[in-house]
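Trainee: So the protein lines, in turn, are chains V and D.
When you line the first sequence up against my numbering, it's residues 3 to 234, in that order.
When you line the second sequence up against my numbering, it's residues 2 to 246, in that order.
Worth flagging that the hints you see were computed from the coordinates, not collected in a lab.
Glycine is no exception: its CB is placed at the ideal position from the N, C-alpha and C atoms.
It is possible that part of the hints are untrue.
As the list claims (entries may be wrong) - DSS-like mimics (lysine-lysine), calculated; alpha carbons at most 25 angstroms apart, straight line:
1. D/Lys26 with D/Lys147
2. D/Lys7 with D/Lys24
3. D/Lys111 with D/Lys21
4. D/Lys7 with D/Lys111
5. D/Lys7 with D/Lys21
6. D/Lys80 with V/Lys104
7. D/Lys7 with D/Lys80
8. D/Lys147 with V/Lys104
9. D/Lys111 with V/Lys109
10. D/Lys7 with D/Lys26
11. V/Lys109 with D/Lys21
12. V/Lys43 with V/Lys139
13. D/Lys226 with V/Lys109
14. V/Lys139 with V/Lys234
15. D/Lys226 with D/Lys147
16. D/Lys24 with D/Lys111
17. V/Lys207 with D/Lys80
18. D/Lys7 with V/Lys109
19. V/Lys207 with V/Lys109
20. D/Lys111 with V/Lys104
21. V/Lys234 with V/Lys43
22. D/Lys111 with V/Lys207
23. D/Lys24 with V/Lys109
24. D/Lys7 with V/Lys104
25. V/Lys109 with D/Lys80
Stated by the list, open to error - Pulled a few chain V residues facing chain D out of the computed Cβ check, cut under 8 angstroms:
26. Thr103
27. Arg113
28. Thr114
Stated by the list, open to error - Per the computed footprint, the stretches of chain D lying under chain V, defined by three or more beta-carbons under 8 angstroms from a beta-carbon of chain V, are:
29. 23-37
30. 72-84
31. 209-217
32. 227-241
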Amino acid sequence: MTSSRSATTARRSTIGLKILMAGTGIVFVAYVLLHMYGNLKALAGEEAFNTYAEHLRTIGEPMLPYGGLLWVIRVVLLLSLVGHAYAAFSLWSRAGNARRTKYAAVKTAMRTAWMRWGGVFLLLFVVWHLLQFTILKFSVNPDRQGVNVQQNPYELVVASFQVPWNTLIYVLAMLALALHLSHGTFSAQQTLGWTMTSHAYRRAKMVGHAVAAVIVVGFLIPPLSILFGLIK
Amino acid sequence: MNLTLKIWRQAGPRHRGELKTYKVKDISPDMSFLEMLDVLNEQLNARGEEPIAFDSDCREGICGMCGLMISGEAHGPEKTTTCQLHMRSFTDGEVITIEPWRANAFPVIKDLVVDRGAFDRIIQAGGYVSVNTGAAPDAHATPVPKPNADRAFVAAECIGCGACVAACPNASAMLFMGAKVTHLSELPQGQPERAARVVSMVEQHDEEGFGGCTNVGACSQACPKGIPQDVISTLNKDLRAALRG
Numbered sequence: 003m004t005s006s007r008s009a010t011t012a013r014r015s016t017i018g019l020k021i022l023m024a025g026t027g028i029v030f031v032a033y034v035l036l037h038m039y040g041n042l043k044a045l046a047g048e049e050a051f052n053t054y055a056e057h058l059r060t061i062g063e064p065m066l067p068y069g070g071l072l073w074v075i076r077v078v079l080l081l082s083l084v085g086h087a088y089a090a091f092s093l094w095s096r097a098g099n100a101r102r103t104k105y106a107a108v109k110t111a112m113r114t115a116w117m118r119w120g121g122v123f124l125l126l127f128v129v130w131h132l133l134q135f136t137i138l139k140f141s142v143n144p145d146r147q148g149v150n151v152q153q154n155p156y157e158l159v160v161a162s163f164q165v166p167w168n169t170l171i172y173v174l175a176m177l178a179l180a181l182h183l184s185h186g187t188f189s190a191q192q193t194l195g196w197t198m199t200s201h202a203y204r205r206a207k208m209v210g211h212a213v214a215a216v217i218v219v220g221f222l223i224p225p226l227s228i229l230f231g232l233i234k
Numbered sequence: 002m003n004l005t006l007k008i009w010r011q012a013g014p015r016h017r018g019e020l021k022t023y024k025v026k027d028i029s030p031d032m033s034f035l036e037m038l039d040v041l042n043e044q045l046n047a048r049g050e051e052p053i054a055f056d057s058d059c060r061e062g063i064c065g066m067c068g069l070m071i072s073g074e075a076h077g078p079e080k081t082t083t084c085q086l087h088m089r090s091f092t093d094g095e096v097i098t099i100e101p102w103r104a105n106a107f108p109v110i111k112d113l114v115v116d117r118g119a120f121d122r123i124i125q126a127g128g129y130v131s132v133n134t135g136a137a138p139d140a141h142a143t144p145v146p147k148p149n150a151d152r153a154f155v156a157a158e159c160i161g162c163g164a165c166v167a168a169c170p171n172a173s174a175m176l177f178m179g180a181k182v183t184h185l186s187e188l189p190q191g192q193p194e195r196a197a198r199v200v201s202m203v204e205q206h207d208e209e210g211f212g213g214c215t216n217v218g219a220c221s222q223a224c225p226k227g228i229p230q231d232v233i234s235t236l237n238k239d240l241r242a243a244l245r246g
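Starting from the given sequences, assemble the full structure and let the hints guide the process.
Mentor: As structure tokens, then:
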């Protein structure tokens, strides 16, 4: 029924872009949940946390080289990021062009603006976060510096979150992430066509709120525990 | 009731428009919103001024012809069409801003009248069933399960007024298109062309310059017929199914 030409058109359509956004978004939700699990290992102490970090590199050996799976995950995440951002900016610019004359009086849907500007903020945060803990591995804590801190994941995490301004960045980022995911998780389900009844629609909304709540709480426990001295 | 109206005046498609302020006095709370505008237009006629152009036809909330952005809400504060909105929904002395639907795909023709031909072209792209219908068939010649029939009816309530586009932060027509696609996808007669229909309609939708959907639901809240969000889910699912071939 559909020729290859129309399939290409459909893929580039607004809905095609949304499906790309939904699919890549689900990759991020899954990754973020795994990431949160790893972070919570900090509650079990230095050894548990660092062993987990090392396991991420040795997992799959000898079938995979050292750090192999980690690189597979990084490539998938990078491609997802490119797809997610491409779809988002394309649709953002489309939406801007779709109404060039604005209303004088309008009750705006704020969630759309939150998703877009919140997404940009999260992108900047991811750059900061990767520089801090993956690429440069620098400590922002003047009292805890040196190779021992940089080479020891647990030490670096504790040193970083003892600094209030750094923790504040993470708190703000997690609140932005919660807002993004509470709508995004629901929106992905709607875009993938999983909400064809009003019951399924309400369930999708609840899943969105639940994912957001779990993630904001799970991610904020370790940094706040460190800031308030429960983890040293 | 005495009201202050700020109304968008635009002489033609290529003219620059602006909000102009008018005062109306002794408006009955039982008048419809359009009757209130009729009163204003009679006053303008009497003064020799150009009356305000706005769309209306049946004035009983079933044709989809009327539609105004009233103080930032499509069809105003009630969940109904502009013609079925009554002045009792407003307060004495209120300042009401009246604008046309705003979307590039709905260009202003004059004052509050917009060209919604884009909707017609989306329907022409595939929002139909190409079979010879002939004489009315027996009622149960083609069995349709009750839940499917009910959902098709809910979707078929769409009158194509364009409030969904007007209310959408992205000026997207997904609720309209979702209603039309769901209406046919729920019925046996809609199945043979199901995949081709959605691809063509979405292609036309994008070509007309409507935006994409961000699933915020402003459209369903504005819809005088209460078309639910789940029709957009069906639209999305049908397009995804068509993509798989």
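Trainee: Within 25 angstroms, alpha carbon to alpha carbon, are D/Lys226 and V/Lys109?
Mentor: holds, 20 angstroms
Trainee: Below or equal to 25 angstroms on CA atoms is what counts here, so check D/Lys111 against V/Lys104.
Mentor: Roughly 17 angstroms between the alpha carbons, so the hint for D/Lys111 and V/Lys104 holds.
Trainee: Let's test the interface hint: is any C-beta of chain D closer than 8 angstroms to that of V/Thr103?
Mentor: Constraint on V/Thr103 satisfied, holds at 5 angstroms.
Trainee: Does V/Lys109 pair with D/Lys80 here, judged by a C-alpha cut-off of 25 angstroms?
Mentor: holds, 15 angstroms
Trainee: D/Lys7 and V/Lys104 were given as a pair; does the straight-line alpha-carbon distance stay at or below 25 angstroms?
Mentor: Answer holds: D/Lys7 to V/Lys104 is near 16 angstroms, not above 25 angstroms.
Trainee: What's the verdict on D/Lys24 and D/Lys111, does the C-alpha distance respect the 25 angstroms limit or exceed it?
Mentor: holds, 21 angstroms
Trainee: Sort out whether V/Lys234 lies within 25 angstroms of V/Lys139, counting only the CA atoms.
Mentor: holds, 19 angstroms
Trainee: For the pair supplied as a hint, D/Lys7 and D/Lys21, is the alpha-carbon distance within the 25 angstroms limit?
Mentor: holds, 5 angstroms
Trainee: Checking one constraint from the list: CA of D/Lys7 to CA of D/Lys26, max 25 angstroms. Satisfied?
Mentor: Within the cut-off at roughly 15 angstroms; holds.
Trainee: Mind checking the alpha carbons of D/Lys226 and D/Lys147 for me, to see if they're no more than 25 angstroms apart?
Mentor: holds, 21 angstroms
Trainee: According to a criterion of three or more residues whose C-beta lies within less than 8 angstroms of a C-beta of chain V, is the stretch 209-217 of chain D covered?
Mentor: holds (count 8)
Trainee: Do the alpha carbons of D/Lys111 and D/Lys21 lie within 25 angstroms of each other, as the hint requires?
Mentor: Status holds; Cα separation ~14 angstroms.
This entry does not satisfy hints 1, 8, 22, 29, going by the numbered hints stated previously.
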